[in-house]
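With the hints as your guide, set chain H onto chain A.
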Amino acid sequence: MDQIESLLNRPKAYYNIDGVGELAGGFMCLGVALLMWLQAHAPKESVWHGMPAFVIYAGMMCLILHYGPRAIKQHITYPRTGFVQYRASDARWRPMIIGAVAGAATTVGLAIGLRRHWNLTTPASLIGLLFAASYAYNFARTVRWKWAVVWVLALGSVAIGVLPEDLVGALANRSWQGALMLTMILFGTVLLVSGGISFGLYLRHTQAPVREAQ
Amino acid sequence: MNRQIQTIAELDRVIHEPGRLMVVALLFAVDRSDFLYLQHETGMNKGTLSSHLSRLEEAGYVEVSKTYRGKVPQTLLRLTAAGRKAFEQYRRKLKGAL
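Heads up: the protein sequence lines correspond to chains A and H, in order.
Just so we're aligned: 142 in our numbering is position 142 of the first sequence, and the numbers increase by one with no gaps anywhere.
Just so we're aligned: 1064 in our numbering is position 64 of the second sequence, and the numbers increase by one with no gaps anywhere.
Isolated chain A (complex conformation) (with noise of 0.2 Å):
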């Protein structure tokens, strides 16, 4: 019975085979941290802390994350080890309204800290650790070199946690924005290392396909 619903946990773990969904986290996380990091030191008259240049910054990052897996699935991915269209619930509903409850919780939890004039380094180390559990539950399980991953980012959420407040303020106006922004910079950073080695190994144990009828 359990090696039948571990093959059905196959196909899910199949989506990170060769580490794209590591590489688009890793770029999105970059590219967050970056914007905080321009919004933070550009002058005020900067086009960075424009409405405009957030919605084409946003925009330009929503089409790479959208298109660049699809390409590497298509081009490299479905002719060396196979096609896989996922569910509508999987690949659309369940994404959307677990995205939608963390960014409603994590929203929620800012304003009345904010409100409240709390150190907020603590709170951004924990978004970390959940971030690391996630990572746990959605790559390590079926890849267990990944569990060294875990470690590194949880280790390394804790650290941003214990660090000075105005240290971690000088990095951006407010201590909790460049808590977040280091949060940001570690994760982004170790999934680009992560999913890079994860499709390098897939390059190397997959074979180019043969031109032949499937």
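The reader is advised that the hints may include incorrect statements.
Simulated crosslink set (EDC-like; lysine to aspartate or glutamate; CA at most 16 Å straight-line) [stated by the list, open to error]:
1. K1093/H x E5/A
2. K12/A x D1031/H
3. K1046/H x D1034/H
4. K1093/H x D2/A
5. K1095/H x D1012/H
6. K73/A x D1034/H
7. K1095/H x E1010/H
8. K1085/H x E1063/H
9. K12/A x E1041/H
10. K1095/H x D2/A
11. K1085/H x D1012/H
12. K1085/H x E1057/H
13. K1093/H x D1012/H
14. K1095/H x E5/A
With the Cβ distance kept under 10 Å, some of the chain A side facing chain H (calculated, not the full set) [to be verified]:
15. M1
16. Q3
17. E5
18. L7
19. P11
20. K12
21. Y14
22. Y78
23. P79
24. F83
25. Y86
26. R87
27. T206
Note that these hints are calculated values from the structure, not bench results.
Treat the numbers as computed from the prediction; the structure is a model and nothing was measured.
C-beta atoms are modelled at their ideal positions from N, C-alpha and C, and glycine is treated no differently.
What follows is chain H alone, placed relative to chain A:
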């Protein structure tokens, strides 16, 4: 006859064969996939996988469609509604029997 043994005897034999069980379980978790994916995940050779798919198609559990990805022919496979129902029943019965 013992109820558990009777349940085992009632298991769907089309699905119960290990090779076909792998195929059906993999297809159950997705909307559709191609032949290459099933071959990669099950580790079966083309002939064996084809024969299992033919048996599942005969039973009305799998829908096979041929298309092209660029210039390369592609065989797409999808579990039918009957296939999904049969697999759900199979899981329920197996769980009850164990």
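Results of checking the hints against the structure:
no., hint, result
1, K1093/H x E5/A, "15 Å, holds"
2, K12/A x D1031/H, "12 Å, holds"
3, K1046/H x D1034/H, "12 Å, holds"
4, K1093/H x D2/A, "15 Å, holds"
5, K1095/H x D1012/H, "14 Å, holds"
6, K73/A x D1034/H, "14 Å, holds"
7, K1095/H x E1010/H, "13 Å, holds"
8, K1085/H x E1063/H, "14 Å, holds"
9, K12/A x E1041/H, "12 Å, holds"
10, K1095/H x D2/A, "10 Å, holds"
11, K1085/H x D1012/H, "11 Å, holds"
12, K1085/H x E1057/H, "15 Å, holds"
13, K1093/H x D1012/H, "9 Å, holds"
14, K1095/H x E5/A, "11 Å, holds"
15, M1, "6 Å, holds"
16, Q3, "9 Å, holds"
17, E5, "9 Å, holds"
18, L7, "4 Å, holds"
19, P11, "4 Å, holds"
20, K12, "7 Å, holds"
21, Y14, "7 Å, holds"
22, Y78, "7 Å, holds"
23, P79, "7 Å, holds"
24, F83, "4 Å, holds"
25, Y86, "6 Å, holds"
26, R87, "5 Å, holds"
27, T206, "8 Å, holds"
Consistency with the previously given hints is maintained throughout, with no hint failing.
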